[in-house]
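End of the sequence shown sits at 289 in the numbering used here; the numbers just go up one at a time, nothing left out.
Take the hints with a grain of salt, since some may be wrong.
[Unchecked claim] Taking lysine-lysine and the PhoX-like style, the derived pairs with C-alpha atoms no more than 20 Å apart in a straight line are:
| # | residue 1 | residue 2 |
| --- | --- | --- |
| 1 | 232 | 151 |
| 2 | 232 | 243 |
| 3 | 151 | 289 |
| 4 | 151 | 122 |
| 5 | 270 | 232 |
| 6 | 289 | 122 |
| 7 | 274 | 262 |
| 8 | 243 | 270 |
[As the list claims (entries may be wrong)] Restraint ranges, calculated between C-beta atoms of paired labels, are given here:
| # | residue 1 | residue 2 | range |
| --- | --- | --- | --- |
| 9 | 34 | 272 | 39 to 49 Å |
| 10 | 50 | 192 | 30 to 40 Å |
| 11 | 162 | 287 | 27 to 37 Å |
| 12 | 118 | 265 | 32 to 42 Å |
| 13 | 24 | 185 | 35 to 45 Å |
| 14 | 289 | 71 | 32 to 42 Å |
| 15 | 162 | 21 | 19 to 29 Å |
| 16 | 150 | 7 | 19 to 29 Å |
| 17 | 272 | 71 | 43 to 53 Å |
| 18 | 241 | 24 | 42 to 52 Å |
| 19 | 226 | 170 | 22 to 32 Å |
| 20 | 137 | 24 | 26 to 36 Å |
| 21 | 289 | 216 | 13 to 23 Å |
FYI, nobody ran anything at the bench for these hints, they're computed from the structure. Quick caveat: nothing in here was measured; it's all calculated off a predicted structure. Backbone N, C-alpha and C define an ideal beta-carbon position, used for all residues, glycine too.
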Amino acid sequence: MDINKIVAIDVHTHAEVSCQQPHDDYRPEFDVAFAKYFKSDKRPTIQETADYYRELNMAFVMFTVDSEFNVGKRRIPNKEVAEGALKNPDVMIAFASIDPHKGRMGAREARDLIENYGVKGFKFHPTVQGFYPQDKMAYHLYEVIAEYKLPMLFHSGHSGFGSGVRGGGGLRLEYSNPMHLDDVAIDFPDCPIIIAHPSWPWQDEALSVAMHKPNVYIDLSGWSPKYFPKQLVHYANTLLKDRMLFGTDFPLITPERWIKDFDEAGFKPEVKPLILKENAIRLLGLK
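Go ahead and model the full structure; you've got the sequences and the hints to work with.
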């Protein structure tokens with residue numbers, strides 16, 4: 003990857019379509035509610051996403067979400083995502099997603115993905131996966147990730163997945179309160195931890211954890227910047243300017259729309275390059 007050519011690094015994109023297995027419509031009500039909530043059902047393939055970001059001279063981190071235990075939906079294979087990155091190393095970085103309920107088998111999978119497929123980090127979604135991040139059940143997996151000092155990215159705040167489904171599909175929002183990551187940051191102080199999204203309704207909790215724990219970052223995905231809480235913009239411009247990361251949640255938000263709104267959202271000119279690229283270069287070890 004030529005980081006001098008790349009203009010931005012999107013640390014939060016989703017693999018939504020598998021080319022190796024059919025779509026699993028085990029619970030189609032989730033798909034219907036998902037499309038309604040985000041006003042879109044467009045789901046590009048991994049290669050289509052790579053081609054799209056290449057045209058923009060942007061790099062991106064991609065992952066799936068393993069919700070097999072709690073939702074019962076077959077995941078897109080981590081190896082498929084990793085193989086996509088190996089085919090597109092100029093723009094794509096693969097993260098993996100392993101449900102912590104898989105215990106030691108999940109830890110074995112993580113090691114294999116790191117050592118043999120070049121995976122550079124891991125995505126967790128506490129609400130969808132049905133666990134508290136500080137639950138020691140997850141530590142078998144965390145310990146392998148921390149051994150390699152790779153980033154762990156956690157969904158935080160409200161979840162579009164399950165919104166509008168009867169009973170929210172049984173998914174509990176409280177699992178994704180970023181304050182639960184305080185214990186994880188203590189127990190794995192050398193492992194970068196990324197709090198994903200403006201963490202509504204817990205934005206202040208996310209800022210507090212990041213302020214207190216120097217291994218904690220915040221990615222700005224999932225919302226248009228014009229809707230960011232004022233305190234998030236304030237800390238991004240000041241005390242946390244070195245730990246804020248550009249992310250979109252693509253394909254739910256496009257990078258073109260995100261950056262257009264970012265330019266009008268009150269971020270200082272000297273801070274924008276840090277958020278768009280420089281902080282991610284340091285976090286991902288690209289230099």
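### Task
Could you tell me which of the hints above the structure violates, numbers in ascending order?
Structure breaks hint 1 only.
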